[in-house]
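**Q** Chains as they are written, first to last, in my numbering: chain A, 1 to 289; chain B, 1 to 183.
Source of the hints: derived by calculation from the structure; they are not laboratory data. Treat the hints loosely; a few may be bogus.
What the simulated footprint calls covered on chain A by chain B, stretch by stretch (three residues with Cβ under 8 Å from a Cβ of chain B suffice, anywhere in the stretch; the number is not a length) [to be verified]:
id: 1; segment: 159 to 165
id: 2; segment: 242 to 250
id: 3; segment: 262 to 273
A partial selection of chain B residues facing chain A, derived with a Cβ cut-off under 8 Å [to be verified]:
id: 4; residue: I59
id: 5; residue: N62
id: 6; residue: A64
id: 7; residue: E98
id: 8; residue: A100
id: 9; residue: H127
id: 10; residue: A152
id: 11; residue: G153
id: 12; residue: I155
id: 13; residue: Y164
id: 14; residue: D168
Glycine residues also receive a C-beta, built at the ideal position from the N, C-alpha and C atoms.
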Amino acid sequence: MSTLRLGSPDHRDLFGEPFVASHRIYEPEGLPWPALPPPLGARARADDLTGAPTRAVTSGALRRRSAVIAEAVRFAGRFSRPAGAALLAGAVALAGAACRPAADGPSARDLRQLRGEIREVPNPVPDFTLVDTAGHPFRFQKEANRFVTLLYFGYTHCPDICPVHLANLSAVLNELPWDLRQRIKVVFVTTDPDRDTRVVLRQWLDAVDPTFVGLSGSLAQVNAAQALLGIPPVIREERASGNYVVGHAAQVIAFTPDGRTRVDYAFGTRQADWAHDLPLLAGPVRTGP
Amino acid sequence: MSPGRRRAIRYRTELTAGVVLGVAAALAGCGQAPSSSDSSTSVSIGPLTILDSCIAEPIGANPAALYFSVMNRGPVDDALVGVVVESVDRADIHRTVEHAGIAWMEPAPDVTIPAGRSVRFGPGAYHVMLQTSSSRLRRGMHVGVHLRFQRAGTIQVGTPVVAYADLDRLLGRANASGGSGSR
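Use the sequences and the hints to build the structure in full.
**A** This is the structure in structure tokens:
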């Protein structure tokens with residue numbers, strides 16, 4: 001076999017294809033970060049991975065870079081692959097797949113203690129697809145699976161209800177134990193797609209909480225999603241100033257990880273209420289394969 | 001017991017019989033803050049007392065919200081007819097209303113402050129929407145707020161800018177939904 005020349009088509013085919021095939025696009029919003037057992041979780045939190053996830057690294061480099069990640073992957077029992085093309089994100093995702101939380105929801109006893117309002121007829125998790133702020137389709141039913149998912153419809157020009165709700169949530173989420181926090185997703189759907197472009201939405205959410213998912217679509221698509229939840233369509237009222245105000249549902253809708261229960265949180269839900277309910281909504285933690 | 005709470009109790013003993021219970025919630029508001037940066041004082045003009053004013057720091061270039069409570073200890077109704085806020089281009093009085101599961105803002109050009117009662121401006125109730133061309137309102141600032149009343153005249157209230165997440169602590173029970181206290 002002749003010497004392989006760097007940058008040649010052979011070089012590309014030999015090394016490029018497996019790399020592309022094994023490459024996961026780095027999407028922090030969608031990554032199933034693992035719920036690690038407490039000692040490992042504590043060390044993972046302390047480990048500085050700044051900048052690492054965007055770079056492709058081999059598993060060898062991965063091990064050197066972060067002993068904790070290597071340990072996490074071993075923990076998942078999936079570290080027998082030969083050293084080759086792997087992404088840090090991919091490896092973490094693998095570990096996540098093996099030890100992600102069980103899809104248990106809250107027990108009947110936990111449900112009775114909730115301060116939110118359990119809907120009398122639990123709706124199934126609605127199946128709608130909108131576009132996230134990175135421009136990728138986001139299928140709600142799939143993304144909500146195994147997570148406590150908090151869904152809210154609002155708009156960024158809102159001075160009163162929307163930022164209060166979301167800021168309260170963010171403040172409480174930041175105080176939760178890391179393992180629990182990893183099992184909760186917040187999804188904000190704009191009811192004002194004309195003004196809330198993907199960029200505007202991302203900037204606003206980043207200022208509130210960078211981990212929040214932002215979704216948009218046409219007003220018809222948003223209304224269709226709301227209809228699945230029994231929420232009336234968005235109202236848009238023109239004002240003499242040339243501005244307009246947007247009428248939208250005021251409650252945060254929570255889905256349990258098992259997808260069986262929907263709980264509504266009206267405006268006025270206090271931070272203490274969220275701190276009380278979120279662990280109950282998440283249900284018991286069960287890690288391991 | 002915080003200094004704010006002590007002050008709240010002292011105020012409560014001064015209240016006349018006609019004042020609604022909602023006042024107690026309003027009194028436990030922004031003034032309860034332990035740090036000096038987000039504390040506000042109450043100011044009076046004639047029979048009116050303005051309590052617990054605070055501005056929620058805008059997110060980016062979006063509108064901010066001004067909250068406060070007005071207590072009317074006089075025998076006649078008054079009305080808030082105008083708001084001017086320093087370093088803010090536009091201030092509009094709004095009321096958040098909820099009907100059939102949908103919430104939206106309604107303009108409230110004048111808000112009656114009934115005799116012997118208090119009106120709360122708080123999340124989910126009345127608020128003053130503030131619009132600035134750039135983000136000039138930053139947490140930790142104190143801003144001059146001028147409230148113009150039909151009878152009592154104009155009063156200036158030094159108002160702290162706070163984070164939205166702090167309203168829960170600062171406005172206490174007033175943060176809960178349930179309308180505007182009176183009206």
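**Q** Look at each hint and say if it fits the structure.
**A** Hint by hint, here is what the structure shows:
1. With 5 residues having a beta carbon nearer than 8 Å to a beta carbon of chain B, the segment 159 to 165 of chain A meets the requirement of three or more and the stated coverage holds.
2. Check on the segment 242 to 250 of chain A: 6 of its residues sit with their Cβ under 8 Å from a Cβ of chain B, so the three-residue criterion for coverage holds.
3. For the segment 262 to 273 of chain A, the assignment as covered by chain B holds, since 5 residues bring a beta-carbon within under 8 Å of that chain's beta-carbons and 3 suffice.
4. The beta carbon of B:I59 is positioned within 8 Å of a beta carbon in chain A (closest approach about 5 Å), and the interface hint is therefore held.
5. The beta carbon of B:N62 comes within 6 Å of a beta carbon in chain A, closer than 8 Å, and the hint placing it at the interface holds.
6. Restraint check, B:A64 versus chain A: the minimum CB separation of about 6 Å is within 8 Å; hint holds.
7. The closest approach between the C-beta of B:E98 and any C-beta of chain A is roughly 6 Å, which is under the 8 Å cut-off, so the hint is satisfied.
8. For B:A100, the shortest C-beta to C-beta distance to chain A is roughly 6 Å, which falls under 8 Å, so the interface hint holds.
9. This hint holds: B:H127 has a C-beta 5 Å from the nearest C-beta of chain A, less than the 8 Å allowed.
10. At about 26 Å, the closest approach between the beta carbon of B:A152 and any beta carbon in chain A exceeds 8 Å, and the interface hint on this residue is violated.
11. Evaluation of the B:G153 hint against chain A yields a violated restraint, the C-beta minimum of about 27 Å exceeding 8 Å.
12. Interface restraint check: B:I155 against chain A, minimum CB-CB distance 23 Å, threshold 8 Å, status violated.
13. Satisfaction of the interface hint for B:Y164 is found here, the shortest Cβ-Cβ separation to chain A being roughly 4 Å, below the 8 Å cut-off.
14. A least Cβ separation of about 5 Å between B:D168 and chain A falls short of the 8 Å threshold, and the interface hint therefore holds.
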